[in-house]
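Undergrad: Since the structure of chain A is provided, determine the placement of chain Y on it from the hints.
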Amino acid sequence: MQAAEMNAVRAAESLLALSQQEELVDLPNHSLSASEDEGDSDGERKHQKLLESIGSLDGKKRWKLAERSEACLKVSEFNVCSEGSGEKLLLSDLLEPAKTSSSLAAVKKQLNRVKSKKAVELPLNKEEVERIHREVAFNKTSQTLSKWDPIVLKNRQAEQLVFPLEKEQPNFVPIEHVLSSWKARTPLEQEVFNLLYKNKQPVTDPLLTPLEKASLKAMSLEEVSVSSPRHAMLLPAFALKPRNHCKCHSLQAKMRRAELQRARALQSYYEARARREKKIKSKKYHKIVKKGKAKKALKEFEQLQKVNPAAALEELEKIEKARMMERMSLKHQNSGKWAKSKAIMAKYDLEARQAMQEQLAKNKELTQKLQVVSESEGENGAEEEELLVPDAVNEVQMCADGPNPWMLRNCNSDAKGEVQKDPEQPPEPVVQEVSESEDERPGAEEEILLHEFEERRSLRKRSELSQNAEPVGSQETKDSSCQEVLSELKLLTQKLNQKNHQSRKQKVSSVRTVLQVQKEECALEEEEPVLLQRPERVQTLEDLEDLGHEEYSQNKELPRPVMEEEKAEKTSNNQTDAPKEKKKKEQMIDLQNLLTTKSPSVKLLAVPTAVEELEDEEEKHQKQIIKEAFAGDDVIRDFLKEKKEAVKANKPKDVDLTLPGWGEWGGIGLKPSAKKRRRFLIKAPEGPPRKDKNLPNVIISEKRNIHAAAHQVRVLPYPFTHHQQFERTVQTPIGSTWNTQRAFQKLTTPKVVTKPGHIIKPIKAEDVGYCSSSRSDLSVTQSNPKRPSGHHKKQLKKISRD
Amino acid sequence: METVPRPGRGVPPKKDKLQAKRKKPRRYWEEETAPAVAGASPGPPRKKKKKKNLEVRRQKQKNSHNSKKSRISKKSQFRKKSREQKKPGPQRTLSGAQDPFPGPAPVPLEVARKFRRIDKSKELPHSLPKTRSKLEVAEALEEEISVKAARSELLLAEEPGFLEGEDGEDTAKIRQADIVEAVDIASAAKHFDLNLRQFGPYRLNYSRTGRHLAFGGRRGHVAAFDWVTKKLMCEINVMEAVRDIRFLHSEALLAVAQNRWLHIYDNQGIELHCIRRCDRVTRLEFLPFHFLLATASETGFLTYLDVSVGKIVAALNIRAGRLNVMAQNPYNAVIHLGHSNGTVSLWSPSVQEPLAKILCHRGGIQAVAVDCTGTYMATSGLDHQLKVFDLRGTFQPLSARTLPQGAGHLAFSQRGLLAAGMGDVVNIWAGQGKASLPSLEQPYLTHRLAGPVHGLQFCPFEDVLGVGHSGGITSMLVPGASEPNFDGLESNPYRSRKQRQEWEVKALLEKVPAELICLNPRALAEVDVISLEQHKKERVERLGYDPEAKAPFQPKAKQKGRSSTGSLVKRKKKVLAQEHRDKVRQSLEEQQKQKQKQKAKPTGARPSALDRFVR
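Sequences listed follow chains A and Y, in order. By our numbering, the letter at position 248 of the first sequence is numbered 248, and the numbering carries on one by one without gaps. Each number in our numbering corresponds to the 1-based position in the second sequence with 802 added.
Bound conformation, chain A alone (with noise of 0.2 Å):
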């Protein structure tokens, strides 16, 4: 359908060309063309003309292009004409050769090889190559250095640190050691020991007698080396009486030693043998090692035959196995390189034929089903024509790359029908397609070729098994159908192809179309998410707004509530105004009280004297004469009185900036307006509560105490951001005076201690557990495994970047 429409629009197209050209060459031409033009020419001519001027009654295509519909003597360098084909001549068409050939392919891949490589840039500017030398050269410093990083923590963390650094040892001494230096001082101890040591006793429980110690080292040698049988036998009696053997254990653990010495340099020399041998490059000599080898390993399989049938029929079962391992891998047909080569070579060189001819039979021989004996000449046939099929078939194979059945079938499947995919295998139909006519002959050629070597083979067949004498005429039959079913073979990959390539065809066009759709869809999509998006981002939108207004509300509600509550507070406060000074009348009143009522009443003093009555006189005249001493003073109002004037100079003081007679009448006795007044007093900030704000008898002196304030911390050390944090830090007294003498020791440890006449060296490696290399000082074993943090990871990676 697509195709017709195609062709009619191309037909369309192709008038319409004629017609333009018609127009403008057909004057001059005239006369000429006349006595040339036939009846036929003339009609169609005149019914072009008639286009053309319907064409140009609309005036829009004036200038047109002179091209030419015919041979004729104006023959211009820029234009070609391509009469007859009805088609437009393409300049992909000029760039084609006449046929494709399948080594244009290659060009074509060489050529995109060519343009994806890009030029070579430009070297980089003197200082650009030194700031990346500098970047890299510091990350590589700044890597190196943070090995160290954990270290610096720890000993910045550390309590105390004491100079010159020593590696830290782990004193964990075996108890052995422990117990040596005990000696036995009473005489009973001493006999004890005396006849441990007599009898070669252990001293202690978790301690061996040296024979002991002996006898486990000639067992734990017998344990790694491969044991030998005798050994092996010697094992049980050894284990069993260890204490009484151990001469003869000495003496079999030194033969231990020796036989495991002499394993071992066997095996080295061994190993040099083979290395030697595998360097060398001679094939005729590795051809002739084979040999021998597949030799011996017949003989050794004929002896084994003889000698232990099951073992060789183990053998058997490997040398089957190697061979379907053969026959899956498909190693020695002729698609490997050496093959392709030797197929080509064939042609013209005998040898080349040999060498296939021994390739295929090795094929043969391999993939040969061992049972099935008798039918291997009709199979061979078969092979044989397999062989012969062409190439599409193996591609198809090939293309379904693997050997899984299934896997090929739906390959298959895919390829009928399906357009196929891949985007290089469109190319490759093309190629056969057109070869496929070319091939047919040297395929006849190569097929009498064959036919004459397969007749030969069966003739030698025949001669060699006489037995099987089939009539000749029965092959040939079978010769003649195989190659019926050849020929169905070549049809049918034809059609194939024919069917691809319409496929393709139609592929395009469908492509276009799909694009087309797709295209539309894509519209639509963007449409559609517009369409549905739309009231989704309104609403977000609205959202926003909403929730801007919602803030602005919130912003404008909250201030309302705390100014409500301010006003409330200050209605409150107002409220509580009033009970506070009731409340400070009340502490005035109570600081009455608390001179004047509160005495307890008057118990009389348990005074072991007579005159207690005399006493009670002289109180009372005291009391009275108090009274009148104190008749004119009131204390109480003194002290208010002080007190108020102590706050008032403690209070900080408004600044009055009046400046009187400015915007105003000015002189003596005029005063500044009460409004301007408060418009340029500028009040003191309040500042915080006084101490004695409620103690009413108590005036507590606000002034601070410079001297004692230079003796107190005035900035905060590093890590402390808050001065509450630090102050925790300094609670604790550290003087002895407060503290216990060990607590004291405790609180006043140096962080640094240096050992008097100790030379301190720099730190190095080995102080801290790395392990010194010989390139740095600072390569970490893996011993002592750092993970490199975060930040150090990146700094690699930018590193491996650059």
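I should point out that these hints are in silico values taken from the structure, not numbers from a laboratory. No experiment lies behind these values; they were computed from the predicted model shown. A few of these clues could be false.
Claimed, not checked - Straight-line Cα separation of at most 25 Å, DMTMM-like style, residue types lysine to aspartate or glutamate; simulated pairs: (1) A/K296 - A/E315; (2) A/K751 - Y/E938; (3) A/K651 - Y/E1335; (4) A/K746 - Y/E938; (5) A/K641 - Y/E1155.
TA: Chain Y in isolation, oriented as in the chain A frame:
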């Protein structure tokens, strides 16, 4: 200022060596051989017993040697048991020997808590991990140290004495004679009278170790002696009125406030200095850790004399007339002055005005005393009242009592007993425990003297109250008055001359500068916030920006046209609004909390439904 823990304040004596010495047998025969300086009555012992009819109980309680030993042994047994119960399965060693008490000795929690310095109830602002680790280290250290201190409290072996009446018996009715009879002979020797009627009313002063006593009579009689052995050091007559007398840092130096000037004598009675800048001195106080001699004069000046360098540190004009009432606060070395207008003012040499002024009495102040923890101040005034004030910030009276006679002299003992001299009677009030508020309801002891009281002081580390009166000196026994455990390196009553010299050097090295005297000595361990802020402000000004300020939110650049200026601004605003909202929310929460608190308080009675109609 004196943050040094007296043993009485609950800090264990660090140097415990001389504890045992304390118990060394007293040479009671010395008493016989050495006659009292001036007709003294036989001396009394350290721990007093009561009358005979209370003997049973008393014997049980006292006789320090035996009872103490038995107590200790009991304690150790008990400890053993408890430990064994704790860890039944001890570790095995190679030798097979087992530690019957594995692990460190257990420490009672309350005791350890006593030595904690960091108040963990205070919440700290959020701290960075590095800071937090430091804080943790400091806290762990403090805990460890407090545990060590608590463990060493075991070494405070001595127990204070006490006096207990039988049911309903008033201890105030027990006379000195009864006590002297009841106690052991060594303690009985500590009670004595010096009859010195010739040179008029006496002022007296004990040295800091409690071993030496100096007294000066109004008519010029000055003497110093070792009152335990009654060995006279010197006795002179200065031929001038003596108003007050003080030992300086050691018993080797003696300051005497004479009629005109201040004189300093050594223990041989040789005049070393005459300080004319301190004239007409009425009262003397010595601040031992600052080496300051504070003098209050008739002319109204408070003068601080640094006795280590002989310089006058400060001379403050009090502007309150004649000063004749003075006391020192042993906790912070602040001087308390009593004035005739009923106020007590607190002074430090570094501040020209009083640190605080407290209105205590309607009449003039007669006497002031501060207890050794710096918690209580006792005042008596002309209005015949005796009051005890709380000095911990509030300065409010805790208890008050009207006396038939105004107390002319007051003194606190190391364990918080309050003595008041009224006329020729001395009353002593006691609290519940150590350093607690003395209850003024019932006197603990009373004693009538030969003449009106002129000077009062408790002897440190001995259960003795020295009273100077017009008839001489009386040393009376007050069981449970002083701290039984002394700090051997700080004030050792038994120290030799060499030890004293050593101590002197050490004390001089540890001298506290005079300017550190302030009301709250712990404040010195705080950061000076004002200058810190000032420093910060200056720095900001200098730099032109605040290096510690939180950087304003900078929105990240986004791609695909989303980092347009408009959206950037929008994002910024969003963050700002968020922060603002958080702040508002927090403040609202706080307000709500406060409201709830306020609401929760008044609901005393159950609200009824009819409350709504209440107008």
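Undergrad: Straight-line Cα separation of A/K751 and Y/E938 no greater than 25 Å?
TA: The hint holds at about 18 Å.
Undergrad: Does A/E315 lie within 25 Å of A/K296 when you go C-alpha to C-alpha?
TA: The hint holds at about 14 Å.
Undergrad: Can the restraint linking A/K746 and Y/E938 be considered satisfied, given a maximum Cα separation of 25 Å?
TA: holds, 16 Å
Undergrad: Starting from A/K651, check that the Cα of Y/E1335 is at most 25 Å away, please.
TA: This hinted pair holds, its Cα atoms lying about 21 Å apart.
Undergrad: A/K641 and Y/E1155: Cα distance at most 25 Å?
TA: Measuring from Cα to Cα gives roughly 17 Å; hence the hint holds.
Going down the numbered hints, you'll see the structure goes against none, and every one checks out.
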